[in-house]
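A.B. asks: Turn these sequences into a full structure, and let the hints steer you where they fit.
Residue numbers (numbering that gives the first Met the number 0), protein chains in the order written: chain A, 0 to 342; chain B, 0 to 342.
Any copy will do: because identical chains look the same in the list, a pair fits if it lies in one copy or spans two.
Below are the SDA-like pairs computed for lysine to any residue, each with C-alpha atoms no more than 20 Å apart in a straight line: (1) K302 <-> E69; (2) K2 <-> M312; (3) K2 <-> N140; (4) K2 <-> N109; (5) K237 <-> D259; (6) K289 <-> T223.
It should be emphasised that the hints constitute simulated quantities derived from the structure, not laboratory data. Since the structure is predicted, the reported quantities are computational estimates derived from the model, not experimental observations.
There are 2 protein chains.
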Amino acid sequence: MEKVTIYDIAKKTGFSVGTVSKALNNYKGVSEKARNAVQLACAEMNFTPNSTAQTLATKKSNLIGYVFSETLGGGLLHPHFVQILQSFKTEVEASGYDLLLINSKTTVDNGFYEHCLHRQIDGALIAIPRTEAGRVESLINSSIPCVSIEDTYSEAPSVISDNKGGTMQMLAHLYSLGHRKIAYIAAPQDGVPGWERYEAYLQFMTERGLPINENHIVFATNYTRKAGYTAAEKLLGKCWEELPTAVFSAYDELSYAMQDTLERRGYRVPDEISVAGFDDILISQCATPKLTTIAQNRDAIGKLAGQLLLRRMDGDTSVENIIHRIPTSLVVRESTRRILDQN
Amino acid sequence: MEKVTIYDIAKKTGFSVGTVSKALNNYKGVSEKARNAVQLACAEMNFTPNSTAQTLATKKSNLIGYVFSETLGGGLLHPHFVQILQSFKTEVEASGYDLLLINSKTTVDNGFYEHCLHRQIDGALIAIPRTEAGRVESLINSSIPCVSIEDTYSEAPSVISDNKGGTMQMLAHLYSLGHRKIAYIAAPQDGVPGWERYEAYLQFMTERGLPINENHIVFATNYTRKAGYTAAEKLLGKCWEELPTAVFSAYDELSYAMQDTLERRGYRVPDEISVAGFDDILISQCATPKLTTIAQNRDAIGKLAGQLLLRRMDGDTSVENIIHRIPTSLVVRESTRRILDQN
DNA sequence: CTGAAAGCGCTAACAT
DNA sequence: ATGTTAGCGCTTTCAG
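C.D. replies: Next up, the structure:
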C-alpha cells in the first residue's frame, strides 16, 4: 500500500482514470454513483494524489517560494521577517499553497529566478534588500507573480511599514515631551528602511525649525547590537560638548546598546536622557528601562502581502506595482520622559 | 524564451533528448563534442531543468519537509526551532535539498503523512511535541526517512539537548555557591524536555541528600512569560514560610517572570535570592540582572539532524533510531551568586 | 556513443 | 456520463 495511483482506484471501481480524475476534482459530468464509488475506494486504499504529476500536467504547483537573503543576519533568524512570514503563510495556506524556502546561497551558479523556474513555483514572496537587488532582477521581471516585503521594487507590489510616519510619530512624541536636542543613530543607508527613517528625521527637524547638528547624528554600520555599541561610543565622543536630551535610533538593537552605554557612563535613562527605538522587537520589552519604540504591524504586512500575491496568481490584473504602506504605532514605555530643566 | 525544455536544446544541437539528458546529468557514454554542444546550447537558451518532471521520472524530489506544529506558540515563531532549522538547512542544502514547510493546520482532513506523500518529499525533519504524537505516527512509521528534534520517537532518530545533564550542571553550580534550598519551577509535563528536566531536579536533590520540599516546587502551565508570572505568584504564595535561596526554572521565560516578580516584591536578585533559567534565549541576556542559564547548542542539533537525515536518505542503514544527546553549557551571568548568610 | 521509445501519475481534450 | 488517448518534461532501458 505504498504507492496507490488513480489507476489503482480506477481498476478497483471499474471506472476509467478519466472519470476518476473528474470525480476527484469535482467536475460536472460525473454520476453520483461514480463519485461515491471513487470516494469510497480512495478512502479504502488511502489514496493521496501525487502533486508532482498534477503539477506537470496542469503547470500549477500550488507552491509559493519565500525568496530571501541570508546576508545581514536576515533570513529566518530575523524575528521581524519570521513574523511576517508566519502571517503570510496563514493567509496563503488557506488557499492550498505550501511554502518553499528559496535562498540559493549555495547554488552559486543559479540565481533566484532559475531556482523558482526549476521548482515551478506559482508565486514568490521576496525579502531581498536593495543591496542585492541584482539577484532578484530577473525574477521580478519574469512572469512569476511576486510581492516584496523587505524593500521596494518598481516591478512588483511591495508591502512595507510606513517608516516615515513612524519616525514622525516618535519625533512628535519626543517633541511633545519638550525635547529639542534630539540625536539620531541612523541605520545603514543601504536600503529603504534606513533611508526613509533618516530622511524623515531630517525633515522633521527642518519642519520644526530645529538645527540639524552634525555632532548629533551618527551612522551604524549594520543592524546588530555590536554596531550599536560602536555607534553609541561614536555619538558620545562627538556630542559631549552639547549633550542631546534624547537619542532616537532607527532600530531597537541600536537603542538597546545606546541605553546600556549611557547607563555604564553614569547617565540615568530616562531622567537625564531619553532613548527611543524603532521596531518593537522582543528585547525592547526586556530592556531596563523598557524601551519606548515604534511598533511595526507585521501581521498586517504578511497578511496583505499574501492577499496581493493570491490575487496576482489568480490573474487579477488590477493589482498594481505600488508600495503599500502599513501604519506603525507608537509604544510608550519607560525610556522616554518629559524634559525637566531646559537650559 | 519562457519555457525551454530539453527538446528545444535537442533540436538546437541536433542530438536526441536522451543524449541531452545524459550530458546534463554527467553520464558516462557521451562524447566530448555532444557534451560541449549541449552545455553551450543550455547557456544560450537559458535552460533550467524542470524539477517536477525530474521528480516524476526519478521519484526523487530533492525536497525535505519541515513538519511542525503551530500550537504551543511553536512553529516558526519560536526562536529555538528557527535556529535549529537554520543550521539544519545549511547542512542539507549543501547537498542540493530545498526545504518545504509542512504544517497541515488548515488541511484538517489530511494528515502530515498524506501531505508528505502528496509532495513526494525525500525526507522530513519533525518538530512535533509528544502531545500531538498521533499526528505524526503514520509519517514516522512510513518509508519516508525522518529525524525528530522536538521530542523523541522510537521509530526515528532524534536529536535533542541533554536536558538531564543541563539541569545537573545548573544545580551543581547553585550547590557550589552554597545553595541548599533550591526551588524549582517546572515546565508543563507534557513532553520530553519538561519531564527530563523535572526528573533531573528530583534526582539531584535526592542524590545530594537535600529535602524535596513540596512548597518549593511549582508547575507552569505552558512555556510563556504569562504562565511564568502565574507560577511565580503561586510559588511565593506557597513558600513564604521558608524562602528558598535560589529558584531554578525549566525555561528562561519562566525565570524572567520570576525575577521580575521578586524585584516587584522587593527582593533583590541575586543578593537575596538567586534565579536561574534554562535555554539561553535572547531575553536572558537583556534581563536585569542578566540571567544565569543553560545554553542549548542549537547549531549542533540542526547540523547533526541534517547529517543523520542525509545519511538515511542515502540509504545508509547504519543510522539507528536512537536518541542523540547534544551537550548543554552553563552560562553564568549575574542572577546567581554565592549565598551570604546561612541560617 | 547515440537514438527511439516507454513510462512516471495525472489532466484534459476528444470520442463514444 | 464515461472511456480513450495524448501530452506535461525528463529519465532510462534497450537497440543500434
